[in-house]
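Student: Below are the chains, spelled out letter by letter.
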Amino acid sequence: METGSSQSKGTSRAASAANISAEAFASSRPGEELSLEDMEQMARKLRRHIVTMTAKAGSGHPGGSLSAVEVVTALYFGLMRHDPANPNWPDRDRFVLSKGHAAPLLYAALAECGYFPVEELSTLRQIDSRLQGHTDRTTTPGVEMSAGALGQGLSFGIGIALAGRLDFQPYRVHVLLGDGECDEGQVWEAVMAAAHFKTDNLVAIVDHNKQQLDGWTRDIMNLEPLAPKWRSFDWHVIEIDGHDLPQVIAALETAKQVKGQPTVIIAHTTKGKGVSFMENNPEFHGRAATAEELEKALAELA
Amino acid sequence: METGSSQSKGTSRAASAANISAEAFASSRPGEELSLEDMEQMARKLRRHIVTMTAKAGSGHPGGSLSAVEVVTALYFGLMRHDPANPNWPDRDRFVLSKGHAAPLLYAALAECGYFPVEELSTLRQIDSRLQGHTDRTTTPGVEMSAGALGQGLSFGIGIALAGRLDFQPYRVHVLLGDGECDEGQVWEAVMAAAHFKTDNLVAIVDHNKQQLDGWTRDIMNLEPLAPKWRSFDWHVIEIDGHDLPQVIAALETAKQVKGQPTVIIAHTTKGKGVSFMENNPEFHGRAATAEELEKALAELA
Amino acid sequence: MPVEMSAREAYGRTLVELGRENRDIVVLDADLSRSTMTSLFAREFPDRFFNCGIAEQNMMGIAAGLAASGKTVFASTFAVFATSRCFDQLRMSIAQPQLNVKIVACHGGITVGEDSFSHHSIEDLALTTSLPGLTVIVPADAIETAQAVKAAAATSGPCYIRLGRPKTPLVYAEDYRFTPGQAVTMRPGSDATIIAIGIMVALALEAAESLASQGIDCRVLNMPTLKPIDRDAIVQAASETGAIVTAEEHLEHGGLGSRVSQIVSRYRPVPMSFVAVKDTYAQSGKPHELLKRYGLAAEDIERAVQSVIPRKLSDQAHR
Amino acid sequence: MPVEMSAREAYGRTLVELGRENRDIVVLDADLSRSTMTSLFAREFPDRFFNCGIAEQNMMGIAAGLAASGKTVFASTFAVFATSRCFDQLRMSIAQPQLNVKIVACHGGITVGEDSFSHHSIEDLALTTSLPGLTVIVPADAIETAQAVKAAAATSGPCYIRLGRPKTPLVYAEDYRFTPGQAVTMRPGSDATIIAIGIMVALALEAAESLASQGIDCRVLNMPTLKPIDRDAIVQAASETGAIVTAEEHLEHGGLGSRVSQIVSRYRPVPMSFVAVKDTYAQSGKPHELLKRYGLAAEDIERAVQSVIPRKLSDQAHR
Ligand SMILES: Cc1ncc(C[n+]2csc(CCOP(=O)(O)OP(=O)(O)O)c2C)c(N)n1
Ligand SMILES: Cc1ncc(C[n+]2csc(CCOP(=O)(O)OP(=O)(O)O)c2C)c(N)n1
Ligand SMILES: [Mg+2]
Ligand SMILES: [Mg+2]
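Residue numbers (numbering that gives the first Met the number 0), protein chains in the order written: chain A, 0 to 301; chain B, 0 to 301; chain C, 0 to 318; chain D, 0 to 318.
Only chain A is shown next, with the shape it has when bound in the complex (with noise of 0.2 Å):
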């Protein structure tokens, strides 16, 4: 353990990748106290990475890519201490998304992070490229879980939660998880393992979206109420708007004072968020936008 060196990496990461108070991410201080200004334009950046990568390769999942820009923003941009120049420093916070198909976004966000190249973005799916159609632990820089098929991400994180318990480690865990995602029983096995074991250092974010691959949730598979379903296997439960980008921060800031249970952010979004055209719609979120869609949406997203 190097906690010592902990926050000066943490800070310097954070310092390069926007114009935002250093101690603050370092402390527990909560995220009112960054500038969210960047903070809201970083999102943009990265829904404009979304659109263009996926648009380039000619496929991908834009739908669930820009329902959780805000989420992802918070952490790898506020919340997280970790360190681009160091991916595998034991001390840092850890991210896993578990609904691997958000792939585009994790890797935007690690590339402006610092990670890899922003120009690499641009391999996107492509033979040889290190950024794979769904999240390869084996290939990319920062990507802590190989996912893709869904429903595993949060098993992932009790195992890294119990060892940073064992090693008196002070990281915390983040697990992304779809809503369609939550039908899958080995999150329920997760959800009442994560409650049994206390691991208070894990967070789950359930990307509220309403809707997974074949249309809206409640048609699909109805996963309502949510929330009362978590709180029955004894999860602190948050609701809030995803895509607000200071509840997403004070949600996980709150998250750190709760004790003795996990904490679950439910966070209600828009799938396709930013883009009118995707917006909701279930075509989206599968398909990447042709050139001429590409267009509208960088307009939109300017």
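Treat each hint with caution, since some may be false.
Claimed, not checked - In silico contact screen, one side only, chain C against chain B (beta carbon under 8 Å); selected entries:
| no. | residue |
| --- | --- |
| 1 | Ser-5 |
| 2 | Cys-51 |
| 3 | Gln-56 |
| 4 | Ala-62 |
| 5 | Gly-64 |
| 6 | Leu-65 |
| 7 | Ser-68 |
| 8 | Gly-69 |
| 9 | Lys-70 |
| 10 | Ser-92 |
Just so you know, the hints here were simulated from the structure itself, not pulled from any lab data.
Cβ atoms here follow ideal geometry from the backbone N, Cα and C, with glycine treated the same way.
The hints should help you fit chains B, C and D with the ligands onto chain A, whose structure is shown.
Tutor: Just chains B, C and D with the ligands, lined up with the frame of chain A:
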């Protein structure tokens, strides 16, 4: 569909099994009209079969068989319309034993109903016996599902329930689950789906004996509080003392009246019930009585 | 009929036909109905279609329960999720009890392409052939797919049918009739035999064409039913041509190649070569790029034949 | 050392030893710790033991997360639940990312006995060998088990070790040293080779003994590492003895037999025979009854050798 003949078929079995008012089964009148005493006696008989056949086999699962005796008694000798002479009668009410290791209990009930000779119970777990170590749909008359790998029965039950609805069949489907079994994610997939599909012809019964294989569920994988979990998945929940036959019968009758959602009966039970040295003793989850122990057990169950 | 068509499109259309003929056909999907094309059935028969959400284990259990109640059930999702994700449910709830469930999975193999390894199915045949009682079928094109789906619906018992994602060339004419359990000689030949399944059949024919121009006369067998496999056709090919190359969009071990080699080793040992994914996960890429990268192109089959012929045993007689 | 010992007992004891030496060893179980013998570790190191309840998928995911954080993780349950029940988790969370998880599963095969087909593991080797990057080990006895578990702990990367349920005879002396990836010649011989794994090694030796008395000189190889397999030992056996019989407590397809036959077909075709569970589920019964019923007794190996020898090719030379 042979709805006309269904009543006589259902009752003929029941009448032969015990001296119980015949109409009570075919109608949906509550169980208190039955001769409770005969059912109590049948329950004791099933317990004797369970300890005897497992002792004879030298292995098997007495603990979780004994805890569900009243539930199975109420179903096979009370609530369910079924026909031992015609195990595949399409109109029959279904019993799915999801916790397949309680096979001795099911075999005892089926034998006493007349699905096969009672003497056959002594062949349990022997090579070429029709009574396999865990239930096998392909070998034992009256067994609906091949089980033994936990967690699969509720899904199977949903399928039967949906088929019944598609065919306007009036039958009801009962699935018996272990409480430890509820650790399995597939159970929660099914819990979510049954509510989504509104299969109100489906009843889950959790044999809540508070133990799993390695010990108490609260130590191994805490399930509590159990009722709120099912409720949060939009099931109608009934909690009962699972060794109190009138309560079991009343719960099953109540379930029939619940419309638009499935019902779960959480039956609070004692593992190993009825045999003092087996009660709450994890050892007897999966071990049979020795000759000496059998003698003691039978004395207690006389 | 077009020259190219995806197997899953043929599946979707055939399902609708079957649904019209048989009221007992029920279709399940796991939130991929627009990809598997069960959406066509769902649109016409909403009452007999159940979308189970992203819960493949539960879907297979529901399928089993429906089948145990007299339904002919089709359950669809991507091949990797239909097998890897719910193998125990296939084993316990479907295969052992011999229930009438047809698992029709699309997106088999690596021609899934850009979605990368999590979505590539390179082990589904090893898994499904490990289930006693399960019939395993890998159609070669859209026409054989329609036939196989109909044949499955007409027979009681569990069945796995593996389809691909992309549009692929048709190797059969409209009047082709699929017979379960029988190999199909796509091309006669005596110097060696290529046994292929799925999209590799078209590539095998391409390879044989090219080999013919080099004076190598290759037999090409399509082996649509991987289990139960046509043992006689294999033994005959071994006896008559003395060398066998298998070609499959699957790991080398556990699928067609190992099944054929076990039969050959037992009944008629001859040298073999295996065109298959070597022991590795495939990455993102365009389907044709991946076929090339992982050694599954027509030229790879050609090379395999060229390499196996010199190894033919000088004496094939048994003592 | 006794004459008989169960592999899982050796496992439980070895885990405790390892736990004392290495604080980074963490052990998981899925509500079967008294059967898998991880309970011994749990008793001594309660902080480093996590019982995950009856949730094998979640256990494998937790194992992966622990391993990704620097732990050496042992995850145990019955073989069928460790593979069938959570194959996709092995694939996605453990094998592909090459995480340091050792899946040590007991109750492999049909000698599980009376618990019947739901608890018999006859496909776990087909499944686990379908995972690129996963090492697969099947020790022959308790002594080899202890060695294999230590070797696994000493190497980084994912590994599957399959153990049996009953006490079985020891085929090795205390001083035996297991080397990953290497076959062990248990007995020299030139007329045919029996390649065996797990409890079948002892039975193979018994068969070879009996064959020797009939003048048949059988080589016996133990192949503890099924993957990566010792290709050279197999090719050598094919060349030198001209006939191979494999013996495994597993389905005929997908395990040792098909792996060996693929190597033989590629490098040195010779007649083979397979002692394995034919394509069926086994029923309840005593272990020795089941071995006999399903063709896995010493006499079955003996008969297989007798049947394969007359089929030896008169000319093994390659053109
Ligand atoms: C186990 C598994 N089953 C099916 C799929 C195919 N699939 C990919 S994304 C998706 C829908 C996901 O919905 P949700 O979790 O709500 O994601 P989001 O809306 O955030 O994109 C499906 C079904 C998969 N990746 N994994
Ligand atoms: C998938 C699966 N994992 C593990 C087991 C081994 N096992 C058999 S019974 C049992 C405990 C079951 O506990 P519970 O469901 O509470 O049953 P009961 O107490 O009623 O006997 C376990 C872990 C199994 N049969 N299936
Ligand atoms: Mg969603
Ligand atoms: Mg219990």
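Student: Now look at each hint and say whether the structure bears it out.
Tutor: Structure-based check of each hint:
no.: 1; hint: Ser-5; result: violated (29 Å)
no.: 2; hint: Cys-51; result: holds (6 Å)
no.: 3; hint: Gln-56; result: holds (4 Å)
no.: 4; hint: Ala-62; result: holds (6 Å)
no.: 5; hint: Gly-64; result: holds (2 Å)
no.: 6; hint: Leu-65; result: holds (4 Å)
no.: 7; hint: Ser-68; result: holds (3 Å)
no.: 8; hint: Gly-69; result: holds (7 Å)
no.: 9; hint: Lys-70; result: holds (5 Å)
no.: 10; hint: Ser-92; result: holds (5 Å)
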